[in-house]
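Student: The residues making up each chain are set out below.
There are 2 protein chains.
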Amino acid sequence: MTVNETITNLAIAARRAARSLGTLSSAVKDRALLKMAVALDAQRDKLRAENDKDLASGRAQGLSAAMLDRLSLTDKAIDSMIAGLKEVAALPDPVGEITEMHRRPNGMRVGRMRIPLGVIGMIYESRPNVTVDAAALCLKAGNAILLRGGSEAIHSNLALAQLMQEVLTGEGIPAAAVQVIPTTDREAVTAMLKLEEHIDLIIPRGGEGLIRFVAENSRIPVLKHYKGVCHIFVDESADLTMAGDIVINAKAQRPGVCNALETLLVHRAIAPRALPVLGERLKEAQVELRGCPETCALLPYAVPATEADWPAEYLDLILAVRVVDDLDAALDHIARYGSLHTESIITASYANAQRFLREVDSSSVMVNASTRFSDGGQFGLGAEIGISTTKLHAYGPMGLKELTTKKFIVYGDGQIRN
Amino acid sequence: MTVNETITNLAIAARRAARSLGTLSSAVKDRALLKMAVALDAQRDKLRAENDKDLASGRAQGLSAAMLDRLSLTDKAIDSMIAGLKEVAALPDPVGEITEMHRRPNGMRVGRMRIPLGVIGMIYESRPNVTVDAAALCLKAGNAILLRGGSEAIHSNLALAQLMQEVLTGEGIPAAAVQVIPTTDREAVTAMLKLEEHIDLIIPRGGEGLIRFVAENSRIPVLKHYKGVCHIFVDESADLTMAGDIVINAKAQRPGVCNALETLLVHRAIAPRALPVLGERLKEAQVELRGCPETCALLPYAVPATEADWPAEYLDLILAVRVVDDLDAALDHIARYGSLHTESIITASYANAQRFLREVDSSSVMVNASTRFSDGGQFGLGAEIGISTTKLHAYGPMGLKELTTKKFIVYGDGQIRN
Chain B
-14 MTVNETITNL
-4 AIAARRAARS
6 LGTLSSAVKD
16 RALLKMAVAL
26 DAQRDKLRAE
36 NDKDLASGRA
46 QGLSAAMLDR
56 LSLTDKAIDS
66 MIAGLKEVAA
76 LPDPVGEITE
86 MHRRPNGMRV
96 GRMRIPLGVI
106 GMIYESRPNV
116 TVDAAALCLK
126 AGNAILLRGG
136 SEAIHSNLAL
146 AQLMQEVLTG
156 EGIPAAAVQV
166 IPTTDREAVT
176 AMLKLEEHID
186 LIIPRGGEGL
196 IRFVAENSRI
206 PVLKHYKGVC
216 HIFVDESADL
226 TMAGDIVINA
236 KAQRPGVCNA
246 LETLLVHRAI
256 APRALPVLGE
266 RLKEAQVELR
276 GCPETCALLP
286 YAVPATEADW
296 PAEYLDLILA
306 VRVVDDLDAA
316 LDHIARYGSL
326 HTESIITASY
336 ANAQRFLREV
346 DSSSVMVNAS
356 TRFSDGGQFG
366 LGAEIGISTT
376 KLHAYGPMGL
386 KELTTKKFIV
396 YGDGQIRN
Chain F
-14 MTVNETITNL
-4 AIAARRAARS
6 LGTLSSAVKD
16 RALLKMAVAL
26 DAQRDKLRAE
36 NDKDLASGRA
46 QGLSAAMLDR
56 LSLTDKAIDS
66 MIAGLKEVAA
76 LPDPVGEITE
86 MHRRPNGMRV
96 GRMRIPLGVI
106 GMIYESRPNV
116 TVDAAALCLK
126 AGNAILLRGG
136 SEAIHSNLAL
146 AQLMQEVLTG
156 EGIPAAAVQV
166 IPTTDREAVT
176 AMLKLEEHID
186 LIIPRGGEGL
196 IRFVAENSRI
206 PVLKHYKGVC
216 HIFVDESADL
226 TMAGDIVINA
236 KAQRPGVCNA
246 LETLLVHRAI
256 APRALPVLGE
266 RLKEAQVELR
276 GCPETCALLP
286 YAVPATEADW
296 PAEYLDLILA
306 VRVVDDLDAA
316 LDHIARYGSL
326 HTESIITASY
336 ANAQRFLREV
346 DSSSVMVNAS
356 TRFSDGGQFG
366 LGAEIGISTT
376 KLHAYGPMGL
386 KELTTKKFIV
396 YGDGQIRN
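From first to last, the protein sequence lines stand for chains B and F.
Residue numbering for the first sequence follows the working numbering, starting at -14 and increasing by one per position.
Residue numbering for the second sequence follows the working numbering, starting at -14 and increasing by one per position.
Hint data in this document are derived by calculation from the structure and do not stem from the laboratory.
Incorrect hints may appear among the rest.
Which copy? The list can't say, so a pair holds if one copy fits it or any two copies do.
[As the list claims (entries may be wrong)] Derived DSS-like pairs: lysine-lysine, alpha-carbon spacing no greater than 25 Å straight-line:
1) Lys212 - Lys20
2) Lys179 - Lys71
3) Lys268 - Lys20
4) Lys71 - Lys212
5) Lys179 - Lys31
6) Lys38 - Lys179
7) Lys268 - Lys386
8) Lys212 - Lys391
9) Lys268 - Lys38
10) Lys392 - Lys212
11) Lys392 - Lys61
12) Lys61 - Lys386
Remember, predicted model here, so these are calculated numbers, not experimental data.
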């Protein structure tokens, strides 16, 4: 069997499974999720044995310590998957919700019913916990999932899939609801991206290179974000203690993630007071500053920024800093260099807060809060399957609802059209 | 300037216009729409003169009478565009609506704000009224629109665009909010479909050939439906008078449209009673029947159906008819041959009505109503820019809301993440 045939068969099985998943009761789905949690706990040794194979070959291939860390199914990693399954089981089932039901002049009632999307293809890199986290969300939303993890995690991913499939079968749910692609062949990704008849949505998670490859080669809709070039604008009226707390948190609490701060914009009127205070705190936090000429004039320890710094996603303890004329100049800078991910304004002005919320086009727009809150869990979605900076279908953190759609339903009693 | 450069420049202008459209007040947008209605009424002669050029070259090219009819800007066609503009002006503005606002445990308030998608590309065939109808909906939803109509309507479309742009300029709205692509070069479509940085969504309307071409060549998300193979299932318990009224209406009231009935499924238990009654009425309405062997045995005037009849979209007075064992068999038939457009069950059974609504995966699912109601206006959306049978973003008739998305907004008072 060619790689193409293998993938096509998996996708056809997923499509078949999806038809029955859409009609499962919440109780059946939740019981399966909770039994998966029990099985994960019971099979730690077995999972670790498979994971050891991945770790051994990772070491042999010279993976970095950070990569090996992400790959490792430690007790903590397994605990976190177990907690995730329980959390998803406890979330309300989005499927079947009926909204906007209203009576038409001819007496017909028209509304919308929430339904699963169908089959989701997930393409991701090293961390095997994504296998369980993503499968749980897809199952709860009534979708079948086809998982393509990194080749370095293949033994771990296959073991996790087998565990989940055993539970599914025991609960009378088609095992093809959760499938890990068994081949590590790179061709498998390309093959998957062509199956628009069998797969409804592709969600890639990983580095920008992977995501660009997926976006450019997919005939299936893709929900994704390339990068997070997040901005904070310190307005003229900002409280400087609040500004300092938020800027430090946004930049330094966890600099390697997509909702970390990358560019700080400061209103010209407050810059001479604000920058020394903020600069001092950033220096203490060991953040390297790359400043516009005005910033560098105020902060001798800032290095001059170049044009390349404004669109940069450092994912590191580096921050671009620019003094801007006013709110309009901040909005222009964000429109030009932003990545539609997350921006925040620090202000005491009611009018400027409202303008910023309305006029910034990003998927998450905040007033007086750290960009680090841009996350499905923090926003109250319960869990997150990814973040989208594409405006179609979902924009921002995606939870269960974003894995569903709505169909129109009509209750008539014999209506015909004139 | 090459075709590519022309299209890119138009798209960049649209993107620039879109930034300010998103913040226009409803009053400004509605006033522009109403002034467009006034201008259409005042400029009938001028529009007709431009339309005459299209009609003359259409006749010279040997267009069919039906094509010329669709192309013609009669008084009735202009009245209908005027009515459409007034209707859209009267609809509630979807932009700025805030939903799901709630307080997080840390006191931060998180909600979602409805915003425009940005730039919409519309690709359509002969009817020039689409130029105004689509522009009105896009403008009301705060989007810029780039219109690519059929080459046979180019003079009419450019005249309509000029009229709308004059109104926009007069109201202080960027004229690039509504642009008709001036070249009739086929290359223009291909060029447009590659501009994923400047265009957010493509909506093609027309024949299956056009839509497949767009879907296969677009790097931009496409909302579309290829065809409507709509089914009615006459259940065992159906009221036969109601079934007859609905079947005749769905098939014969306007057979050339996508929500017309194409396949009739009849429960075996009622077939010997139902088919002679339904068959007689269909024969009176001059509908040709293509039946399964059982249908043909009951109705001597039915011709035997072949496998090609089940997925066929006739758009004509032809109907495929099949006797099925029960509801499950009807669901299987629809899952296999349906187009995810519209299906209806005629039944007196509460349980079967609910199962049909839940289990049929189509974008519109009905009980005891004609499939002809599957339409944005009939469903109460106010107006319709098209129908989607793709599950991402919008499924079924698309109105104003489907031309928008939602961003997350956060009101904080200094929150940072632990």
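Student: Hints broken by the structure, by number, lowest first?
Tutor: Failing hints, ascending: 1, 2, 3, 4, 5, 6, 7, 9, 11, 12.
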